[in-house]
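Let the sequences and hints guide you as you build the complete structure.
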Amino acid sequence: MSSETKNILIKGANVIVSSADANTENVKTLYNTYAKKLLAYTLKNYTISKDDAWTVVYKSIYKIAEKKDVYTFENEQKLRSFLFTTHINFLKNFFRDNKSFESKHREIELADEHAVSAETIGVVENENLKILQNELDKLEDWQRILLLMRTQDVPYSEIAKFVNKPENQLKVYYARLKKQIHESVNHQLSINKNSSNA
Amino acid sequence: MPSNNKHNVSDKELDNLLKQAFLNLDTTNPKNQNIMETVSKHYLNPLPITLTIKNFILNKFIIGCTGLAIAIAVGIFFYPKKNTHSSLVNLNNSRNTISKQEVTLKNTSENNEIVTSQLNSDYNINQEKINATTETSKKTGISLNEPPQQQSFINTLVYNEKKKLQVDTNYIFPKLTEKEIKAIEKQKIRMKNWLSQKSKSKYALITNHNEYGHSNDTLTMFYMQNSEVTNLDYRTFLFDLLINNKKAEFLIAKPNQSLWLNTNGSSRFDKLKDLYFSDKFYNEYPVVNISTEGAELYCKWLSELNNFNNDEIITVRLPSEKEWVLAAHGKFNSVYPWGRDSIQNKKGCYLANFCVKKLSNQLNPNVYCDKKNNSNAYTSAGIMIGDSVLTVLVYAYNPNKYGLFCMSGNVTEMVYDNKTKLVITKGGSWKSDFEHCKINCNDEFEGVIKPNNTIGFRPIFRIKTKKAFEDGK
Numbered sequence: 000m001s002s003e004t005k006n007i008l009i010k011g012a013n014v015i016v017s018s019a020d021a022n023t024e025n026v027k028t029l030y031n032t033y034a035k036k037l038l039a040y041t042l043k044n045y046t047i048s049k050d051d052a053w054t055v056v057y058k059s060i061y062k063i064a065e066k067k068d069v070y071t072f073e074n075e076q077k078l079r080s081f082l083f084t085t086h087i088n089f090l091k092n093f094f095r096d097n098k099s100f101e102s103k104h105r106e107i108e109l110a111d112e113h114a115v116s117a118e119t120i121g122v123v124e125n126e127n128l129k130i131l132q133n134e135l136d137k138l139e140d141w142q143r144i145l146l147l148m149r150t151q152d153v154p155y156s157e158i159a160k161f162v163n164k165p166e167n168q169l170k171v172y173y174a175r176l177k178k179q180i181h182e183s184v185n186h187q188l189s190i191n192k193n194s195s196n197a
Numbered sequence: 000m001p002s003n004n005k006h007n008v009s010d011k012e013l014d015n016l017l018k019q020a021f022l023n024l025d026t027t028n029p030k031n032q033n034i035m036e037t038v039s040k041h042y043l044n045p046l047p048i049t050l051t052i053k054n055f056i057l058n059k060f061i062i063g064c065t066g067l068a069i070a071i072a073v074g075i076f077f078y079p080k081k082n083t084h085s086s087l088v089n090l091n092n093s094r095n096t097i098s099k100q101e102v103t104l105k106n107t108s109e110n111n112e113i114v115t116s117q118l119n120s121d122y123n124i125n126q127e128k129i130n131a132t133t134e135t136s137k138k139t140g141i142s143l144n145e146p147p148q149q150q151s152f153i154n155t156l157v158y159n160e161k162k163k164l165q166v167d168t169n170y171i172f173p174k175l176t177e178k179e180i181k182a183i184e185k186q187k188i189r190m191k192n193w194l195s196q197k198s199k200s201k202y203a204l205i206t207n208h209n210e211y212g213h214s215n216d217t218l219t220m221f222y223m224q225n226s227e228v229t230n231l232d233y234r235t236f237l238f239d240l241l242i243n244n245k246k247a248e249f250l251i252a253k254p255n256q257s258l259w260l261n262t263n264g265s266s267r268f269d270k271l272k273d274l275y276f277s278d279k280f281y282n283e284y285p286v287v288n289i290s291t292e293g294a295e296l297y298c299k300w301l302s303e304l305n306n307f308n309n310d311e312i313i314t315v316r317l318p319s320e321k322e323w324v325l326a327a328h329g330k331f332n333s334v335y336p337w338g339r340d341s342i343q344n345k346k347g348c349y350l351a352n353f354c355v356k357k358l359s360n361q362l363n364p365n366v367y368c369d370k371k372n373n374s375n376a377y378t379s380a381g382i383m384i385g386d387s388v389l390t391v392l393v394y395a396y397n398p399n400k401y402g403l404f405c406m407s408g409n410v411t412e413m414v415y416d417n418k419t420k421l422v423i424t425k426g427g428s429w430k431s432d433f434e435h436c437k438i439n440c441n442d443e444f445e446g447v448i449k450p451n452n453t454i455g456f457r458p459i460f461r462i463k464t465k466k467a468f469e470d471g472k
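Protein chains in written order, with numbering that gives the first Met the number 0: chain H, 0 to 197; chain E, 0 to 472.
No lab work stands behind these hints: they were computed from the structure. Some clues are possibly wrong.
Footprint (simulated), chain H over chain E, 3 or more residues, beta carbon under 8 Å [claimed, not checked]: (1) 18 to 30; (2) 258 to 265.
Here are a few chain H residues that face chain E, going by a calculated C-beta distance under 8 Å [stated by the list, open to error]: (3) F83; (4) F94; (5) L135; (6) E157.
Every residue gets a Cβ at the ideal spot worked out from N, C-alpha and C, and that includes glycine.
This is the structure in structure tokens:
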């Protein structure tokens with residue numbers, strides 16, 4: 000084992016230890032093939048420190064390594080999909096356990112009169128998310144998929160195959176949808192604020 | 000207007016919310032499973048063969064060019080020059096005990112300087128070129144136990160007001176290359192940005208809100224560095240002093256690497272004397288062998304890095320014992336920073352870097368680590384990584400709830416005593432038993448703090464607005 004790998008491993012020592020029973024060969028294969036890609040995806044799309052990202056990646060890899068011999072996958076793509084879904088679930092747990100998605104990264108002024116507690120920010124974000132979820136539920140399936148996939152930077156060519164729409168029109172649809180959602184969310188927020196002030 | 004009163008979301012916030020919504024997708028729903036499959040295809044698929052080959056060729060080309068450039072540079076560097084000798088000189092920090100070498104000198108009345116091209120931890124200086132312009136050149140075999148004749152420029156420094164600081168006149172200061180100076184400037188800018196932006200990757204915000212209600216006297220919110228100060232950070236500070244010609248402060252602050260010799264009665268770690276502070280492998284390891292004055296100078300230097308054009312004034316210093324304990328507890332009131340009362344988890348694995356040889360009969364058997372070959376290592380990290388490991392990366396092990404790494408173990412940290420305001424240490428080190436790694440354990444050095452290869456530090460800072468500072472608040 001190279002010194003670099005050892006150094007990385009020591010960072011996630013508790014994670015590794017908790018999965019001590021995982022098949023080492025499976026782990027090595029998965030690590031060599033997918034670890035850096037998962038890390039790149041996590042760091043690109045979510046505000047998370049590199050160490051935390053590695054911890055989540057390790058958890059995902061070890062989970063799959065445990066299951067690899069138990070489940071049978073049709074092909075490599077199915078395994079990748081399973082790994083990715085597991086990783087998403089671990090990320091969800093991570094953000095839930097660390098209170099909120101963004102509140103750690105909000106600037107907090109130090110002057111006491113302007114101090115904002117992390118709990119308050121978390122509450123605000125949960126409300127915003129609920130409003131967004133409601134608005135997303137009002138959309139058609141393909142519209143929702145288009146919006147969510149574009150946030151993950153999936154190219155239009157891939158999305159077009161998925162939603163069965165012409166690729167050259169998807170860009171326009173996306174721009175309009177995003178504007179529409181933005182306005183709906185802000186509109187709903189102002190309604191909520193007015194009703195709470197009333 | 001505080002951000003939580005806004006009733007509009009921005010574009011960026013909407014993007015984040017959409018990403019959150021993606022995370023919250025119900026993955027048991029077959030429709031959503033197909034979405035996951037498509038997204039995973041995008042991120043986890045191997046590259047197409049043509050792209051792989053192109054990348055492979057490009058990589059090889061870049062490596063080849065780099066290798067050629069290095070070979071040319073090395074060839075120029077080592078090409079024999081007339082009338083010079085290269086010699087390796089070992090310098091002890093405080094004494095002129097240097098092995099005898101014959102050097103060719105050309106004396107000059109104006110500018111005697113020993114030019115070095117390589118920097119090592121105890122300033123092993125590679126003498127390759129000595130510039131001089133005089134009518135007569137001398138060829139002298141010098142006993143290097145005597146001060147070299149080129150020290151006149153240092154002698155003039157000594158007669159400044161700073162001679163009170165006992166500047167070592169025999170010390171030969173290293174000369175930095177342009178490349179090294181650029182690297183230092185770059186790192187300095189990075190550190191300055193971390194500080195002025197209170198970057199989450201470097202600093203953690205510590206509040207005194209926890210269920211046990213620490214008193215609110217002077218412990219309002221402050222920022223603490225999330226790791227011990229690293230060799231890279233400290234080196235940047237030290238050579239910045241040199242660049243700015245603050246040689247007396249340099250001498251006070253520089254670490255005494257000879258303290259690595261004969262560590263634990265063994266010569267195995269002697270190589271750390273030359274490598275630990277200057278080799279890039281140890282960049283992210285905690286700096287050790289420094290004095291308390293050096294740590295305080297570092298804090299002062301870091302404070303001055305802050306851009307005074309902002310409305311904030313940042314004062315960096317060592318933490319008080321109370322502040323350190325508050326930060327270490329991390330919203331719990333447990334014995335160790337990770338919220339448990341044991342230094343081992345349920346499987347017996349160690350949660351910090353400390354000495355496993357001391358009080359070993361009180362430690363639980365380590366089921367996982369017993370499979371490793373390094374079960375006879377001195378430190379807990381040594382069991383996992385290698386027998387000869389003493390300190391580890393400052394970001395090793397999981398952080399506490401505030402995001403602080405290695406509050407227990409690794410290196411023991413300098414803090415100000417609550418009552419006497421003198422410097423003591425907290426947290427235990429790679430050499431301590433697990434009792435001394437507890438948060439509330441007393442200073443194992445009992446107040447006698449000298450440079451030591453187990454003592455590091457971790458600064459904190461508070462912020463005042465410029466107006467408040469000027470108003471004297």
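Hint check against the structure, violated hint numbers in rising order: 2
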